[in-house]
Amino acid sequence: MKLIRLKYKKWFNILKDGISVNNPIVVTVLGICSSLAVSNKVENAIAMGLGVTFVVMASSAFISSLRKLIPGKLRMVTYMVVISTFVILVQMTLEAYFPIIAAQLGAYVGLIITNCIVMGRAEAYAVKNPVKYSLVDGFAAGMGYTFVLVVVSIIRESLAFGTILGFRVMPASFTNWSIMALAPGGFFVIALFIWGIREWLKFYESEA
Amino acid sequence: MERLIGIFIATILNHNIALVYILGMCPLIAISTSVKNAKGMGIAVVIVVTLTGIINYPIYQLLKQTETTSLALLVFIITIAATVQILELLMEKFVPKLYNAFGIFLPLITVNCVVLAVSLFFVNREYTFSETAVFSFGSSLGWMLAIVLIAGLREKMAKYADVPKGLKGKGIVFVLLGILALAFIGLTGLASI
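Chains A and B, in that order, are what the protein sequence lines are. The number in the numbering used here is simply the position in the first sequence, starting from 1, with 8 added. The number in the numbering used here is simply the position in the second sequence, starting from 1, with 197 added.
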């Protein structure tokens, strides 16, 4: 009984850390490029978040299952090949079933390859740990990323277009803040978000 | 010629790859702590992005002929990793001084989204060879401009500004980036890409 509890605890801790304390965007500030560029609409954010989650989980599991076979010097190239294979899968799936979202995301789907989160989880966790924990760790990192992306996109879409997922939420007299759909809006919302979460977690950086 | 100059100006100013397309943020935020480091990283990026843009263009044409464009991502990333690796070896052998000055910046570039993004953008926009070359060079210069500007601002802020505790470090960089991005968006319509 104790053993099961311990095991459960480890799973739960990996999950909790990925979403809060180790949140890839807020705390370690990784994977910003794609998260800002696609978070002006909620549907894009959800598609991107799920895509990244799938890629992190699949590549973490794959790399961790091969971790004893990958030679140390070639590991970066190996990660790249594994990750890009899964990204191509995501891209093809999006193009086949959700052509509109695929067109809006454009080149940013391909850029999941260079999303530091995927590479970071592979290097920091998957090469040292068994498959099942790597899978959970990948899922947690992906969910932490999706969570931030969706919250940021809800703020941006409601202010920029007055809608959420295409449904009108703002009163008709509301003037759209078109700057929110552009890059600066993304930067400001993410800055506020980081501020809020860091005050909540009491996580401060010492440098200015 | 006019079009090439237009692309060059657009990629540096009103279509700046860092501030308008929000690419290459991870290294931009991590390395912009001092102007010296920012310059080093910027120059390394200019060299690698221009080279890989020029190399990837003929490779993509080859993929097009054999109808295997779905593999473009995989091929591009391998070209980029290989280019960085070869560049590193050559520099270590022939210009060791410069190699030591670059230090860890070169290997880091493989995961800089700007490199891959430039290759993906020329595919999307169906550029010719000369347009691709100018676009790659201009984009990387634009990225260098952004990182040096941010690094300069951060150096000043570290001395004179009283930043709230929760925004210290990486948080405040986003506010700076936002303000800079606003300024660059003000140039919209200057030149088309």
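No wet-lab data here; the hints were simulated from the structure. A portion of the hints provided could be inaccurate.
What the hints assert, rightly or not - Some chain B residues flagged as far from chain A (calculated, every beta-carbon gap over 12 Å):
hint: 1; residue: I219
hint: 2; residue: L295
hint: 3; residue: P304
hint: 4; residue: A330
As the list claims (entries may be wrong) - Each pair of labels, with its calculated beta carbon distance range:
hint: 5; chain 1: A; residue 1: T171; chain 2: B; residue 2: L259; range: 40 to 46 Å
hint: 6; chain 1: A; residue 1: L200; chain 2: B; residue 2: A355; range: 17 to 23 Å
hint: 7; chain 1: B; residue 1: K290; chain 2: A; residue 2: L200; range: 28 to 34 Å
hint: 8; chain 1: A; residue 1: R176; chain 2: B; residue 2: G349; range: 40 to 46 Å
hint: 9; chain 1: A; residue 1: E103; chain 2: B; residue 2: D359; range: 45 to 51 Å
hint: 10; chain 1: B; residue 1: K233; chain 2: A; residue 2: F182; range: 56 to 62 Å
hint: 11; chain 1: B; residue 1: G386; chain 2: A; residue 2: P138; range: 38 to 44 Å
hint: 12; chain 1: B; residue 1: R322; chain 2: A; residue 2: L200; range: 45 to 51 Å
hint: 13; chain 1: B; residue 1: G386; chain 2: A; residue 2: E103; range: 40 to 46 Å
hint: 14; chain 1: A; residue 1: P138; chain 2: B; residue 2: T385; range: 40 to 46 Å
Unchecked claim - As a list, the in silico BS3-like pairs of lysine-lysine whose alpha-carbon atoms are at most 27 Å apart:
hint: 15; chain 1: A; residue 1: K210; chain 2: B; residue 2: K233
hint: 16; chain 1: A; residue 1: K210; chain 2: B; residue 2: K356
hint: 17; chain 1: A; residue 1: K140; chain 2: A; residue 2: K76
hint: 18; chain 1: B; residue 1: K261; chain 2: B; residue 2: K353
hint: 19; chain 1: B; residue 1: K365; chain 2: A; residue 2: K210
hint: 20; chain 1: B; residue 1: K353; chain 2: B; residue 2: K233
hint: 21; chain 1: B; residue 1: K356; chain 2: B; residue 2: K367
hint: 22; chain 1: A; residue 1: K210; chain 2: B; residue 2: K290
hint: 23; chain 1: B; residue 1: K367; chain 2: A; residue 2: K210
hint: 24; chain 1: B; residue 1: K294; chain 2: A; residue 2: K81
hint: 25; chain 1: A; residue 1: K81; chain 2: B; residue 2: K356
Cβ atoms here follow ideal geometry from the backbone N, Cα and C, with glycine treated the same way.
Of the numbered hints stated previously, which ones are contradicted by the structure, given in increasing order? 1, 3, 7, 10, 11, 12, 13, 14, 15, 18, 22, 25
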